[in-house]
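Student: This is what each chain is made of:
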Amino acid sequence: MGILEVKGVGKRFGGLQALGDVNLSIEENTVHAIIGPNGAGKSTLLNCLVGKLIPDEGSVTFAGTSVLGRKPHEINQLGISRVFQTPEIFGDLTVMENMMIPCFAKRDGAFRMHAIENMEQETGLIEKASTMLQDLGMYEKRDMIASSMSRGDKRRLEIAMCLVQEPKLLLLDEPTAGMARADTNNTIALLKQIKEERDITIAIIEHDMHVVFSLADRITVLAQGTPLVEDTPDNIKGHPKVKEAYLGETQQV
Amino acid sequence: MLGKKILGLNKKDTRFLLIVIALTLLTPVLLQPFAEGSELAQFNGGYPDLMQKIAIFGIFAVGFNILFGLTGYLSFGHAAFLGVGSYAAVWMMKLLTMNVIPAILLAMVVSGLFAAAIGFVSLRRSGIYFSILTLAFAQMSYKMAYSVLTPLTNGETGLQLSLDDPRVLDRAIEGSSLPVTNIFGLAMNASHKVEVLGRVFTFNVGYYFCAVIAVIAFYVAIRLFRSPFGMMLRAVKSNQQRMTYTGLDPKPYTLAAFVISGMYAGLAGGLLAAMDPLAGADRMLWTASGEVVIMTILGGAGTLMGPVLGAGVIKYLENIFSKINESVLHSWFHWLPDGIEDVVIWVFARFTGEGWHLTLGVTFMLVVTFLPGGLVEGLKRLSKRIREGKTKRDKYDGSDPEHHPAPTKRVAGE
Chain A
1 MGILEVKGVG
11 KRFGGLQALG
21 DVNLSIEENT
31 VHAIIGPNGA
41 GKSTLLNCLV
51 GKLIPDEGSV
61 TFAGTSVLGR
71 KPHEINQLGI
81 SRVFQTPEIF
91 GDLTVMENMM
101 IPCFAKRDGA
111 FRMHAIENME
121 QETGLIEKAS
131 TMLQDLGMYE
141 KRDMIASSMS
151 RGDKRRLEIA
161 MCLVQEPKLL
171 LLDEPTAGMA
181 RADTNNTIAL
191 LKQIKEERDI
201 TIAIIEHDMH
211 VVFSLADRIT
221 VLAQGTPLVE
231 DTPDNIKGHP
241 KVKEAYLGET
251 QQV
Chain B
1 MLGKKILGLN
11 KKDTRFLLIV
21 IALTLLTPVL
31 LQPFAEGSEL
41 AQFNGGYPDL
51 MQKIAIFGIF
61 AVGFNILFGL
71 TGYLSFGHAA
81 FLGVGSYAAV
91 WMMKLLTMNV
101 IPAILLAMVV
111 SGLFAAAIGF
121 VSLRRSGIYF
131 SILTLAFAQM
141 SYKMAYSVLT
151 PLTNGETGLQ
161 LSLDDPRVLD
171 RAIEGSSLPV
181 TNIFGLAMNA
191 SHKVEVLGRV
201 FTFNVGYYFC
211 AVIAVIAFYV
221 AIRLFRSPFG
231 MMLRAVKSNQ
241 QRMTYTGLDP
251 KPYTLAAFVI
261 SGMYAGLAGG
271 LLAAMDPLAG
281 ADRMLWTASG
291 EVVIMTILGG
301 AGTLMGPVLG
311 AGVIKYLENI
321 FSKINESVLH
331 SWFHWLPDGI
341 EDVVIWVFAR
351 FTGEGWHLTL
361 GVTFMLVVTF
371 LPGGLVEGLK
381 RLSKRIREGK
391 TKRDKYDGSD
401 PEHHPAPTKR
411 VAGE
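Sequence order for the protein chains is A and B. Numbering-wise, the first sequence is residues 1 to 253 according to our numbering. Numbering-wise, the second sequence is residues 1 to 414 according to our numbering.
No lab work stands behind these hints, which were simulated from the structure alone. These figures come from a predicted structure and were not determined experimentally. Just so you know, not all the hints are guaranteed correct.
Stated by the list, open to error - Simulated crosslink set (SDA-like; lysine to any residue; CA at most 20 Å straight-line):
| # | chain 1 | residue 1 | chain 2 | residue 2 |
| --- | --- | --- | --- | --- |
| 1 | B | Lys11 | A | Gln121 |
| 2 | A | Lys106 | A | Leu78 |
| 3 | B | Lys251 | A | Arg112 |
Claimed, not checked - Partial selection, computed: residues in chain B whose CB lies under 7 Å from chain A:
| # | residue |
| --- | --- |
| 4 | Pro166 |
| 5 | Arg167 |
| 6 | Asn239 |
| 7 | Tyr245 |
| 8 | Leu248 |
Ideal placement from N, C-alpha and C gives every residue a C-beta, glycine not left out.
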């Protein structure tokens, strides 16, 4: 039984069957990649996992609890953190403040009226946030306004914000989209480091085969809203069905 | 002890608060720079009515800024809470006592509840829809105060004190004339005048009462700005999507900010009634809501001092410029040749007296265009200019706005 179990999930947008009978099981402490050509339903699937969309049928359970019908912030509190395609950070706030917010969310839950307390008294949380920034090599940038950083650093910060919550499952939506090769390689190195150092399950949606094959333990190939195959990277590489999905049908002569 | 905090503020904030306290206490002197009877005496603003208004609208704007400056939610109906606060305070004076303390407490409670109800509905939407919803609610309140709620609001006449009010606690001491608002027997309209160097300074009980409340309100605002809660409110403004995916529910945060700022407005409304015990529906009109928006933006939204500055400037303009009529202008320009004098007076008359709104409009336009951060930004630039010396080197020296652009509001989306 995996930490995330997706059973028979289907989602329809008007006449378009975006997802149909998706079954997926993500094992604890693995990196599971979901790949597929454009329009395969990768993002729809991800949105079903984090509460942004509610599937028409099927079930999604995380660590034994159903996530269906829960709001995104409740799902996060269960232990799922999400990294977006374009880094979603608090642009107007400093890097340190960006880190403190998930720390508060983790400790105090979805809402707490802490209007009279002082930020500087929260030494425990400041410590935690600083350690995380140091781990990811961003401590020197802690007083910068987040929006003034480079895209690579924004991505790094977003990942740090997710990790500081110690999630059980980290969802990454095309973490290297629009990045230069060097930035992509940095991100891969960072994710590898995270995978080795922490007890964490990572689900990654990706376009870039280079990223997928350097990180994933298992790969699910999605095409036209249904999983085509699920296997280890080595077996996926030469799989005829995958080639077909990506390159079009082979012509019989 | 190193790093010890006074009242929970750090060194910089403590110094800031002390400056604000000093300015507030000295306002009767600072706003009275011109000698009595001199040409410029009409620019003196140190009379109780104006000073009270500056303090009260300062509170209103500081509260408004907690919502607008921190969360970015632009309420266009905050005057409703001001009005409700006034009505509540006058009712307290009619039913219980002329002491202003219970009156302003009730004003805050009632406006807080009212804000919770309106906020609960309005905060389902954001951006322009939120603004329109709050505007609609405020206009509804205004219309209702004139129509169905007449028993509570006394309609167009406005809610006033009368001799046959119960006033349970004051029964025994009541005379044959209308009682005055007081704080434990000290009348709000009592003043002490001091004449120094030809200048007459008026120290008024009502103003000092408002000033003390304003300083407390300001102190609470500083604490709130520096608290984790204040940071969450800025997070709401910055990126709500990230906030929800970080496990936080933005709704209760925005609602709490809305209620707090509604209570500030109610407090201001209560104080207005405490200074002058009557309440009319006019206080809820949309122009009154617009005024607090202008105050906040003119002074600098999201800054602590900005709203107070904005309130001060607007109330000063309103009271001083509106008093300059044609005969005053005539006395200024009588030395000009007749034809030219008429033209000059005609031009100036557009900007003064009834036309003071034009002055306000031009000021507002200039500030928004050249100082997007409001008057506070202007002061900051000025003090920087003075500190770094007047020698302006090239634009690549010092801070470089081109390469460190001010953060812009980001629209979250995937």
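Student: Looking back at the numbered hints, which does the structure fail to meet, lowest number first?
Tutor: Violated: hints 4, 5.
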